[in-house]
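Q: Sequence:
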Amino acid sequence: MAVWSKNNQLYEAVIDGISEGKAAVTFVGYNVTEINKLHLLRICENTQPKRYLWDSKPKGKSLWQVEKERRRKKAQKKAQRQKQLEEEKEMEKMKWKDFSSKAVSKSYKGVKKESIFASPDTESGRVGVGTCGISGKPMTNFISHEKLVTGKSSQLSL
Numbered sequence: 001m002a003v004w005s006k007n008n009q010l011y012e013a014v015i016d017g018i019s020e021g022k023a024a025v026t027f028v029g030y031n032v033t034e035i036n037k038l039h040l041l042r043i044c045e046n047t048q049p050k051r052y053l054w055d056s057k058p059k060g061k062s063l064w065q066v067e068k069e070r071r072r073k074k075a076q077k078k079a080q081r082q083k084q085l086e087e088e089k090e091m092e093k094m095k096w097k098d099f100s101s102k103a104v105s106k107s108y109k110g111v112k113k114e115s116i117f118a119s120p121d122t123e124s125g126r127v128g129v130g131t132c133g134i135s136g137k138p139m140t141n142f143i144s145h146e147k148l149v150t151g152k153s154s155q156l157s158l
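Under the working numbering, the first residue of the sequence shown carries the number 1, and numbering increases by one thereafter.
List time: in silico PhoX-like cross-link candidates among lysine-lysine, alpha-carbon distance up to 25 Å:
(1) Lys68 <-> Lys83
(2) Lys83 <-> Lys97
(3) Lys78 <-> Lys93
(4) Lys61 <-> Lys74
(5) Lys89 <-> Lys102
(6) Lys83 <-> Lys73
Cβ-Cβ distance ranges computed for the label pairs, FRET-style:
(7) Glu20 <-> Ile43: 19 to 27 Å
(8) Lys61 <-> Lys6: 50 to 58 Å
(9) Ser144 <-> Ala118: 29 to 37 Å
(10) Lys77 <-> Lys97: 29 to 37 Å
(11) Glu69 <-> Tyr30: 48 to 56 Å
(12) Glu67 <-> Ile18: 47 to 55 Å
(13) Ile43 <-> Lys6: 21 to 29 Å
(14) Ser119 <-> Ser144: 32 to 40 Å
(15) Arg70 <-> Lys22: 55 to 63 Å
(16) Tyr11 <-> Glu67: 38 to 46 Å
(17) Val66 <-> Asn7: 48 to 56 Å
(18) Trp4 <-> Lys61: 50 to 58 Å
No lab work stands behind these hints, which were simulated from the structure alone.
Every residue gets a Cβ at the ideal spot worked out from N, C-alpha and C, and that includes glycine.
Starting from the given sequences, assemble the full structure and let the hints guide the process.
A: Next up, the structure:
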């Protein structure tokens, strides 16, 4: 402890150097350095002793084993969750494979499957599905959707 010259009160300080009956001190927490006479310095009473790493007691073996068991259970749960997700992915994959194999296997025997985009055999042949004229129905006629204009009030002015 050292006396601060501004208010003559004792504050906690660290001795930086000693020479000719005087000491250079730095006040803890303030970063202020002053020179004090040695007879004004006091020994600081430590209310809390310093704690060193080698003084601390090691954890008991039981605490270490509890921690090890907790980590093992956590790893086991994670592995189980990963396995479950992998199984779900496999099931989805198999569903898709079953679906796609059904589409390929649904071919009728004796019926030749031709592409609708294959080039026709004759000169007048057309590419695509020819549904017009089948079953005696003509091609659908569409009515033009023009807006009926009646009177001057409904005309648009520009």
